[in-house]
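Chains as they are written, first to last, in the numbering used here: chain A, 96 to 428; chain B, 96 to 428.
Treat each hint with caution, since some may be false.
Given that identical chains are not distinguished, each listed pair holds provided it fits within a single copy or across any two copies.
[As the list claims (entries may be wrong)] Computed cross-link-like contacts, DSSO-like style, restricted to lysine-lysine with a CA-CA straight-line distance of at most 30 Å: (1) Lys353 to Lys343; (2) Lys397 to Lys180; (3) Lys279 to Lys165; (4) Lys165 to Lys285; (5) Lys170 to Lys183; (6) Lys364 to Lys353; (7) Lys170 to Lys285; (8) Lys360 to Lys343; (9) Lys264 to Lys343; (10) Lys180 to Lys353; (11) Lys384 to Lys279; (12) Lys183 to Lys97.
No lab work stands behind these hints: they were computed from the structure.
Protein chains: 2
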Amino acid sequence: MKKIAIDAMGGDFAPQALVEGANQALQEFSDIELILYGDEAKIKQYLTASERVSIVHTDEKINSDDEPTKAIRQKKNSSMVLAAKAVKAGEADAVLSAGNTGALLAAGFFIVGRIKNIDRPGLLSTLPTVEGQGFDMLDLGANAENTAHHLYQYAKLGSFYAESVRGIKRPRVGLLNNGTESSKGDPLRKETYELLAADSSLNFIGNVEARELMNGVADVVVTDGFTGNAVLKSIEGTALSIMGQLKKSILGGGLKAKLGALLLKDSLKELKSRLDYSDAGGAVLFGLKAPVVKTHGSSDAKTVCSTIRQIRTMLHTDVVGKSVTEFSKEETQ
Amino acid sequence: MKKIAIDAMGGDFAPQALVEGANQALQEFSDIELILYGDEAKIKQYLTASERVSIVHTDEKINSDDEPTKAIRQKKNSSMVLAAKAVKAGEADAVLSAGNTGALLAAGFFIVGRIKNIDRPGLLSTLPTVEGQGFDMLDLGANAENTAHHLYQYAKLGSFYAESVRGIKRPRVGLLNNGTESSKGDPLRKETYELLAADSSLNFIGNVEARELMNGVADVVVTDGFTGNAVLKSIEGTALSIMGQLKKSILGGGLKAKLGALLLKDSLKELKSRLDYSDAGGAVLFGLKAPVVKTHGSSDAKTVCSTIRQIRTMLHTDVVGKSVTEFSKEETQ
Numbered sequence: 096m097k098k099i100a101i102d103a104m105g106g107d108f109a110p111q112a113l114v115e116g117a118n119q120a121l122q123e124f125s126d127i128e129l130i131l132y133g134d135e136a137k138i139k140q141y142l143t144a145s146e147r148v149s150i151v152h153t154d155e156k157i158n159s160d161d162e163p164t165k166a167i168r169q170k171k172n173s174s175m176v177l178a179a180k181a182v183k184a185g186e187a188d189a190v191l192s193a194g195n196t197g198a199l200l201a202a203g204f205f206i207v208g209r210i211k212n213i214d215r216p217g218l219l220s221t222l223p224t225v226e227g228q229g230f231d232m233l234d235l236g237a238n239a240e241n242t243a244h245h246l247y248q249y250a251k252l253g254s255f256y257a258e259s260v261r262g263i264k265r266p267r268v269g270l271l272n273n274g275t276e277s278s279k280g281d282p283l284r285k286e287t288y289e290l291l292a293a294d295s296s297l298n299f300i301g302n303v304e305a306r307e308l309m310n311g312v313a314d315v316v317v318t319d320g321f322t323g324n325a326v327l328k329s330i331e332g333t334a335l336s337i338m339g340q341l342k343k344s345i346l347g348g349g350l351k352a353k354l355g356a357l358l359l360k361d362s363l364k365e366l367k368s369r370l371d372y373s374d375a376g377g378a379v380l381f382g383l384k385a386p387v388v389k390t391h392g393s394s395d396a397k398t399v400c401s402t403i404r405q406i407r408t409m410l411h412t413d414v415v416g417k418s419v420t421e422f423s424k425e426e427t428q
Numbered sequence: 096m097k098k099i100a101i102d103a104m105g106g107d108f109a110p111q112a113l114v115e116g117a118n119q120a121l122q123e124f125s126d127i128e129l130i131l132y133g134d135e136a137k138i139k140q141y142l143t144a145s146e147r148v149s150i151v152h153t154d155e156k157i158n159s160d161d162e163p164t165k166a167i168r169q170k171k172n173s174s175m176v177l178a179a180k181a182v183k184a185g186e187a188d189a190v191l192s193a194g195n196t197g198a199l200l201a202a203g204f205f206i207v208g209r210i211k212n213i214d215r216p217g218l219l220s221t222l223p224t225v226e227g228q229g230f231d232m233l234d235l236g237a238n239a240e241n242t243a244h245h246l247y248q249y250a251k252l253g254s255f256y257a258e259s260v261r262g263i264k265r266p267r268v269g270l271l272n273n274g275t276e277s278s279k280g281d282p283l284r285k286e287t288y289e290l291l292a293a294d295s296s297l298n299f300i301g302n303v304e305a306r307e308l309m310n311g312v313a314d315v316v317v318t319d320g321f322t323g324n325a326v327l328k329s330i331e332g333t334a335l336s337i338m339g340q341l342k343k344s345i346l347g348g349g350l351k352a353k354l355g356a357l358l359l360k361d362s363l364k365e366l367k368s369r370l371d372y373s374d375a376g377g378a379v380l381f382g383l384k385a386p387v388v389k390t391h392g393s394s395d396a397k398t399v400c401s402t403i404r405q406i407r408t409m410l411h412t413d414v415v416g417k418s419v420t421e422f423s424k425e426e427t428q
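Input sequences plus hints: build the corresponding full structure.
Written out as structure tokens, the structure reads:
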């Protein structure tokens, strides 16, 4: 029985979305146990499950605008910190939160702790492609700076994830660069390229450009945290802007446009669901001793349930354990 | 009378699109003269204008897959190199090409030459926002690496451009970063932030995130060439993927969806035209002694004409001359 510690107080719709997501997941999976950290009375308002679930009460919580490292240090009894400590103490196998991302990164780093020989855990998400398979990208912003060796470790971690959690055999690894030729990029990219090309255990397919990401050009895309963050936010911002404009065009387009939209409803819905990658779960801070997963602050119960499913798969396939074994071989850098 | 040198042989639809764009521009503007470089017989097939236009014949051209610097050095009689040389010799005031971007950057850098005290010219484009005003971003990839001082110069250049060419008073300058707080980012961002904040001649509004770019959060956005290239390609790739998926959903959605799309036609067209920023012209390699402008390889006559309009505005407002004056004050770095 795998145990997942849930920060029930983080996110825009806490605790309702978290607790209802927990209800769903407990129905769907008989082999998990959930521990909910937060305000017991409020949690009980929404909790319908009665087996394999427990509540650890606390009044304290971390807010979305708290300074991350300070919050972790000062709010020792917050729902997020208690959830992370449960993993540290061996009382839970993984943490899920929809709260303050920076604080969760800090909690993961300082409380759960890094895998030996991994200097800089990276933030990994599965992002959508037009054909639906998706791709895993990291680092999406856990770090503001990375070395070539970090990126090399991300290629390994991303490959483990794509293979274990998404079932992709010999995942194709691409290095995000400003052109596809092997000579492209700044010194960081050139050095990373050499490291990736030299390791035959990786299925390295060379440089990939941001324009091709949604076309499924690679299964795993590695980049530094600064660029990854900018690319992720560009994709999100563009998708939101276009969908918003489409809606505006329809609403401002008179009766004809509205009738057209009504007839197109199913097609538009299908488009939206293809672009919506919340089914793939949340963002994993990968490189820690246990899964620490952030789901969107705006997550609803369904997304929370998907994220619990993702964590369950990570635990069942022991992707973290495999990483520990692999990186223990590395000489300390 | 301003003279614009046009590489008539570069781009997917050369020379037709270039020559037809020239025809249109000559009709629209009575105060410009165009010099077309390329295959005279082919150019004449499409040339309808007879005044203020001349052809300089050459058989040589640079291909899209030529190695840029080598091509510039070896193909001395190519249409692109001859156009750049005409500017260098004072026979033309600006260059336009739809050909090999890298080669045009090299031609700009080595033939047209940099403005004194500008180390690294940057690639600037006007990109779309949902409200239609757009924003200017640089560097979009002329450089793989930049220093804080380069980014500071881009803020000045971008401000000149937005004010002169787009008529925006005291343009708001944002620094692309991985968060809006002033303490965010890697050392490059932190150092750039200090430089921008210390210069009261700039209307610096602080850090901006990639997610907000299309919402018009700033008029000028500065970043290093690697990140700018990744962000530009992410925006383009996402927009193309979504529009492609929308089309696919409609085509695969049966009669109902097709009828809906027919009724929505005007709204979808309006959406497309809002996202299409070819009206704003091409990408300017800014920081050179004359306007060197790249229009998309796939540009049609209308886009070529828009780019000629853009160059005409740059020449009439003397945005390059203003930059020369401004940067001549700087101590050599």
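Checking each numbered hint in turn, tell me which of them this model violates, lowest number first.
Result: hint 10 breaks, nothing else.
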